[in-house]
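Chemist: Now for the letters of each chain:
Protein chains: 4
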Amino acid sequence: MSTHFKTIALIARQNRPELTETLETLTTYLQSENYDLLVETHTAKLIPHLKLKTVAYEELGKDTDLIIVIGGDGSLLYAAKSALKYNTPIIGVNRGTLGFLTDINPEEAIEKIGEILAGKYQEERRLVLEAVIHDGHGKIVSQALALNDVVLLPSKDSARMIQFDVKINKEFVCSQRSDGLIVATPTGSTAYALSGGGPILSPEIDAITLVPMFPHTLTMRPIVVSANSKVKITISNNLETKPRVSCDGETPLVIPADGHIHINKSQYTLRLLHPQDYDYYHTLRTKLHWGTALC
Amino acid sequence: MSTHFKTIALIARQNRPELTETLETLTTYLQSENYDLLVETHTAKLIPHLKLKTVAYEELGKDTDLIIVIGGDGSLLYAAKSALKYNTPIIGVNRGTLGFLTDINPEEAIEKIGEILAGKYQEERRLVLEAVIHDGHGKIVSQALALNDVVLLPSKDSARMIQFDVKINKEFVCSQRSDGLIVATPTGSTAYALSGGGPILSPEIDAITLVPMFPHTLTMRPIVVSANSKVKITISNNLETKPRVSCDGETPLVIPADGHIHINKSQYTLRLLHPQDYDYYHTLRTKLHWGTALC
Amino acid sequence: MSTHFKTIALIARQNRPELTETLETLTTYLQSENYDLLVETHTAKLIPHLKLKTVAYEELGKDTDLIIVIGGDGSLLYAAKSALKYNTPIIGVNRGTLGFLTDINPEEAIEKIGEILAGKYQEERRLVLEAVIHDGHGKIVSQALALNDVVLLPSKDSARMIQFDVKINKEFVCSQRSDGLIVATPTGSTAYALSGGGPILSPEIDAITLVPMFPHTLTMRPIVVSANSKVKITISNNLETKPRVSCDGETPLVIPADGHIHINKSQYTLRLLHPQDYDYYHTLRTKLHWGTALC
Amino acid sequence: MSTHFKTIALIARQNRPELTETLETLTTYLQSENYDLLVETHTAKLIPHLKLKTVAYEELGKDTDLIIVIGGDGSLLYAAKSALKYNTPIIGVNRGTLGFLTDINPEEAIEKIGEILAGKYQEERRLVLEAVIHDGHGKIVSQALALNDVVLLPSKDSARMIQFDVKINKEFVCSQRSDGLIVATPTGSTAYALSGGGPILSPEIDAITLVPMFPHTLTMRPIVVSANSKVKITISNNLETKPRVSCDGETPLVIPADGHIHINKSQYTLRLLHPQDYDYYHTLRTKLHWGTALC
Numbered sequence: 002m003s004t005h006f007k008t009i010a011l012i013a014r015q016n017r018p019e020l021t022e023t024l025e026t027l028t029t030y031l032q033s034e035n036y037d038l039l040v041e042t043h044t045a046k047l048i049p050h051l052k053l054k055t056v057a058y059e060e061l062g063k064d065t066d067l068i069i070v071i072g073g074d075g076s077l078l079y080a081a082k083s084a085l086k087y088n089t090p091i092i093g094v095n096r097g098t099l100g101f102l103t104d105i106n107p108e109e110a111i112e113k114i115g116e117i118l119a120g121k122y123q124e125e126r127r128l129v130l131e132a133v134i135h136d137g138h139g140k141i142v143s144q145a146l147a148l149n150d151v152v153l154l155p156s157k158d159s160a161r162m163i164q165f166d167v168k169i170n171k172e173f174v175c176s177q178r179s180d181g182l183i184v185a186t187p188t189g190s191t192a193y194a195l196s197g198g199g200p201i202l203s204p205e206i207d208a209i210t211l212v213p214m215f216p217h218t219l220t221m222r223p224i225v226v227s228a229n230s231k232v233k234i235t236i237s238n239n240l241e242t243k244p245r246v247s248c249d250g251e252t253p254l255v256i257p258a259d260g261h262i263h264i265n266k267s268q269y270t271l272r273l274l275h276p277q278d279y280d281y282y283h284t285l286r287t288k289l290h291w292g293t294a295l296c
Numbered sequence: 002m003s004t005h006f007k008t009i010a011l012i013a014r015q016n017r018p019e020l021t022e023t024l025e026t027l028t029t030y031l032q033s034e035n036y037d038l039l040v041e042t043h044t045a046k047l048i049p050h051l052k053l054k055t056v057a058y059e060e061l062g063k064d065t066d067l068i069i070v071i072g073g074d075g076s077l078l079y080a081a082k083s084a085l086k087y088n089t090p091i092i093g094v095n096r097g098t099l100g101f102l103t104d105i106n107p108e109e110a111i112e113k114i115g116e117i118l119a120g121k122y123q124e125e126r127r128l129v130l131e132a133v134i135h136d137g138h139g140k141i142v143s144q145a146l147a148l149n150d151v152v153l154l155p156s157k158d159s160a161r162m163i164q165f166d167v168k169i170n171k172e173f174v175c176s177q178r179s180d181g182l183i184v185a186t187p188t189g190s191t192a193y194a195l196s197g198g199g200p201i202l203s204p205e206i207d208a209i210t211l212v213p214m215f216p217h218t219l220t221m222r223p224i225v226v227s228a229n230s231k232v233k234i235t236i237s238n239n240l241e242t243k244p245r246v247s248c249d250g251e252t253p254l255v256i257p258a259d260g261h262i263h264i265n266k267s268q269y270t271l272r273l274l275h276p277q278d279y280d281y282y283h284t285l286r287t288k289l290h291w292g293t294a295l296c
Numbered sequence: 002m003s004t005h006f007k008t009i010a011l012i013a014r015q016n017r018p019e020l021t022e023t024l025e026t027l028t029t030y031l032q033s034e035n036y037d038l039l040v041e042t043h044t045a046k047l048i049p050h051l052k053l054k055t056v057a058y059e060e061l062g063k064d065t066d067l068i069i070v071i072g073g074d075g076s077l078l079y080a081a082k083s084a085l086k087y088n089t090p091i092i093g094v095n096r097g098t099l100g101f102l103t104d105i106n107p108e109e110a111i112e113k114i115g116e117i118l119a120g121k122y123q124e125e126r127r128l129v130l131e132a133v134i135h136d137g138h139g140k141i142v143s144q145a146l147a148l149n150d151v152v153l154l155p156s157k158d159s160a161r162m163i164q165f166d167v168k169i170n171k172e173f174v175c176s177q178r179s180d181g182l183i184v185a186t187p188t189g190s191t192a193y194a195l196s197g198g199g200p201i202l203s204p205e206i207d208a209i210t211l212v213p214m215f216p217h218t219l220t221m222r223p224i225v226v227s228a229n230s231k232v233k234i235t236i237s238n239n240l241e242t243k244p245r246v247s248c249d250g251e252t253p254l255v256i257p258a259d260g261h262i263h264i265n266k267s268q269y270t271l272r273l274l275h276p277q278d279y280d281y282y283h284t285l286r287t288k289l290h291w292g293t294a295l296c
Numbered sequence: 002m003s004t005h006f007k008t009i010a011l012i013a014r015q016n017r018p019e020l021t022e023t024l025e026t027l028t029t030y031l032q033s034e035n036y037d038l039l040v041e042t043h044t045a046k047l048i049p050h051l052k053l054k055t056v057a058y059e060e061l062g063k064d065t066d067l068i069i070v071i072g073g074d075g076s077l078l079y080a081a082k083s084a085l086k087y088n089t090p091i092i093g094v095n096r097g098t099l100g101f102l103t104d105i106n107p108e109e110a111i112e113k114i115g116e117i118l119a120g121k122y123q124e125e126r127r128l129v130l131e132a133v134i135h136d137g138h139g140k141i142v143s144q145a146l147a148l149n150d151v152v153l154l155p156s157k158d159s160a161r162m163i164q165f166d167v168k169i170n171k172e173f174v175c176s177q178r179s180d181g182l183i184v185a186t187p188t189g190s191t192a193y194a195l196s197g198g199g200p201i202l203s204p205e206i207d208a209i210t211l212v213p214m215f216p217h218t219l220t221m222r223p224i225v226v227s228a229n230s231k232v233k234i235t236i237s238n239n240l241e242t243k244p245r246v247s248c249d250g251e252t253p254l255v256i257p258a259d260g261h262i263h264i265n266k267s268q269y270t271l272r273l274l275h276p277q278d279y280d281y282y283h284t285l286r287t288k289l290h291w292g293t294a295l296c
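Chains as they are written, first to last, in this note's numbering: chain X, 2 to 296; chain H, 2 to 296; chain R, 2 to 296; chain W, 2 to 296.
Just chain X, same shape as in the assembly (with noise of 0.2 angstroms):
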């Protein structure tokens, strides 16, 4: 048993065969290491016939020295999520096409985590954003974290298209037509603002990018600003519109008439665990295909 990581939690989201495969694989293998092993309650039910101490998705974190998580990249957020508040580290192991984030191939799962446990690893610390709904006395009506990126989207009700003004530090940035606002942190910065024109951003600086969704104004690009910098997007009320702010692609948080949001570094970070020969570039080359040219 390693000296770095005593207690365990394991945690995987989805019911498919192979997946449940390398659950109990991994489950069977820690508990034959001695680790203290903690299997959130869904999970757990995963694999009922296996004796296990559970654990409530809330307490993931929660005096657990390392979470392993089974599965893709949003398995991965939505485990994270959890384990931000108390520091956890997390690693992922990949179900499905490689992830950005899983980057343990599950046939190798046991070598790798192994390699890990014995404290040969990377560790990374990965930004976390911060979304603040206030209406339009300022007080905070909502508020959630982001791994990847804080998303404003017009109303559910309406056609396209919000209005709304950006500041950074109290400094007028533009006035915005479009169809919305990604804020991405170097995580995200693969994820959905890519799809939306965005630069990829080494996770290495400590920046994020404001890319426009559709925006009126042909000159409006992506921007990369500060990490530390203080984003506040206000909505033009007079378009009688309530947008939305979705942040990981979660359920929309509405934003009442002549509110606004502010949008900050959060006081957390993500440790993510990596095995020693993680190489960011080369998960970049694999899933970006960059191999083949068109001619």
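A hint or two may mislead.
If chains are identical, the list can't say which one is meant, so a pair holds when it fits in one copy or spans any two.
In silico lysine to aspartate or glutamate, DMTMM-like type, Cα no more than 25 angstroms apart, as pairs [what the hints assert, rightly or not]:
(1) Lys231 / Glu124
(2) Lys231 / Asp278
(3) Lys171 / Glu125
(4) Lys157 / Glu251
(5) Lys231 / Asp207
(6) Lys157 / Asp136
(7) Lys63 / Asp37
(8) Lys171 / Asp278
Bear in mind the hints are in silico, worked out from the structure with no lab data behind them. All values reported here derive from a predicted model rather than from experimental measurement.
Here the structure of chain X is known, so what remains is to put chains H, R and W in place on it, guided by the hints.
Modeler: Coordinates of chains H, R and W only, in the frame set by chain X:
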């Protein structure tokens, strides 16, 4: 006279009447205020009727407290190259359309420069890149500084298209077949790189962007990496081309067969002075016409 | 009075002083010239002090030789929808910023409309699309015409992202995961599709463009196909979403589970009249600010 | 032997073992089937042990019923240029990665070519452009045909950036400062123009696209116009540059000072034969990897 600035150098690169007028106004003002004024040798010929102490372009920043440029962004870059090694601050009086760097309007030149000389200004440091070209034996054959961008271009005799490898901090990033690559500073991100689809980098971030030019692989996208990155570009010699490297649009340097280029942050920085009411986003909005929507 | 046009209908959609002024000027002019003038019912309420014959919106083009719209491109599209089935030509007097379709400036309205009524004009026919929504049994549930674009949108309750198949003339084109798809006419190519990265289609070409919205596959690009293409979009029902279709930004129509959409060229065309000096590229240059370069 | 095709020409441009193998297989097959086989002079040297009738490249299509190309799209374009004036149809057997034009796989070459020779094929006509360069006196100095694209390029000695005016059918379209302009056929829309952000033009539309290269005006976008457009590009001579024009990536032709270029549809068309199961969108999906999504 200011206690901040005693010796001031003046430079104007182009011979246009409205420019000469501003040059004369500023010369008279600075002489009347008893500053120790040095006028760049070629600039002095534009106002031959005035009695002037001159200074060679190469020594523009030597023993000088401030350089004032009259012209466009191109003239400021030209003057700045001389000033970098002396660490002399620089300001620009714009003549023509509003520049990104030359932010003082000629009609308020006396007033704004008066304020700056009285110590009321914002100082900004912009990062500078250094391109070093090696031959196949690793010997340095040429090098240059870039305030905007280092651009890899095809051979002047060949058709478009070069093939090269990019490494960052010795990690392999990608092999690319394209018309070239733009490596731009935040300052250069609103110049050539923007035409090529690159993101706008706010000047406060310590990052550079790599923008592929007409890549054969459609998933090649602009990347933003730390300004401390050691970028190495190796030309695939099987194409028998001799690509070139141009810094800030200057006459390209030829890369020898089997050669490679290193692009790093320079030890120098550009010291830009701005009036106290300078606002980066105001300049962006004005230059990029962010007020004018499609409908 | 013209021998070309005897009965003329007038419509203005918005209640703004400068618009009402133009409306009144044109009404007085056309009455004094003895045209048989019909004013749309709601429009007539803007000038209650004038004695007017009115016509319902639905019959705007019926037994009418010409429709004159005062307003922006949105108002012209609105009026045109009523006129299509009657094949009545339409002209627009612009009120606001220059429109792509409403190309007569109000200050020269009398002069230009006088010339058009005297037979001095250019006539242009713009193609119209028809979107027909079918349920899972192939039954038509709704249909609509589009002068600009047919836009496939996500369900109003779901997060972004739809999955669908596109066929053209029964040939499979692609499966797509994206935020939606814009199918635009040449007229619509300078509207929403342009914000989404689509090409500008010159009005004389008999073609439409399919512009993917935030596609998950980075190599999905805008495609231009014959306007005679029979486009069929089938929603992948495993996502349990009910996407919607919006024509020209109007209230979206819901696509039933297992439903599909056919998009074809309509039997109707939009008959646009222009002054004799009309120049499509002049409008493009003005609207897209082609005169203003970065540097 | 087919009654459709009696005399068949064979050409392969590159000397690679797998290519020579296919060449030998096809030669033997066609000889055994008693076709009148002509092998292009240089191609014949690749299989010196076979007894062959040869034909010069320039007469490849003369008195020939069909040209078979073994190689990539570049080889097919090369052969096609010779065939255009003789109106001889052409087919391509692909050697390397799948081509857009060379759509027969070598392992099924005998079978597919057998079917085509038996009259089972699809014939497609692709439009061809003609670039004519005039000097300042209007005299023609050079001209060339283009199956893919006519590309306006900077002078080989100058820095990037040219300034020019574009007219279509004598109407002024725009003044442009950029790195150049791509004028592409539907065939060329999936080649260089696609790297430059141009749209994909389905081969059946009678249109061409103008794609600006790194335009200084950010609102310059790709335009699609009728293939019957008479495009005229005039170089602004105040820049003292001698830009160049390259057709299909061939050695550029120099444009004299004060010169201009006319680009029109050629009187020739490219006659492409495809197997009966040829499917344009299948090729697009395969070449552009439309199956592989970000996540």
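Chemist: State for each hint whether it applies.
Modeler: Verification of the hints:
1. Lys231 / Glu124: between (27 angstroms within a copy, 22 angstroms between copies)
2. Lys231 / Asp278: For Lys231 and Asp278, only the inter-copy Cα distance (20 angstroms) is at most 25 angstroms; the intra-copy one is 36 angstroms.
3. Lys171 / Glu125: between (31 angstroms within a copy, 19 angstroms between copies)
4. Lys157 / Glu251: both (14 angstroms within a copy, 14 angstroms between copies)
5. Lys231 / Asp207: Cα proximity of Lys231 and Asp207: in one copy and across copies (14 angstroms, 18 angstroms).
6. Lys157 / Asp136: both (18 angstroms within a copy, 23 angstroms between copies)
7. Lys63 / Asp37: within (13 angstroms within a copy, 68 angstroms between copies)
8. Lys171 / Asp278: between (43 angstroms within a copy, 14 angstroms between copies)
Taken one by one, the earlier hints all hold for this structure without exception.
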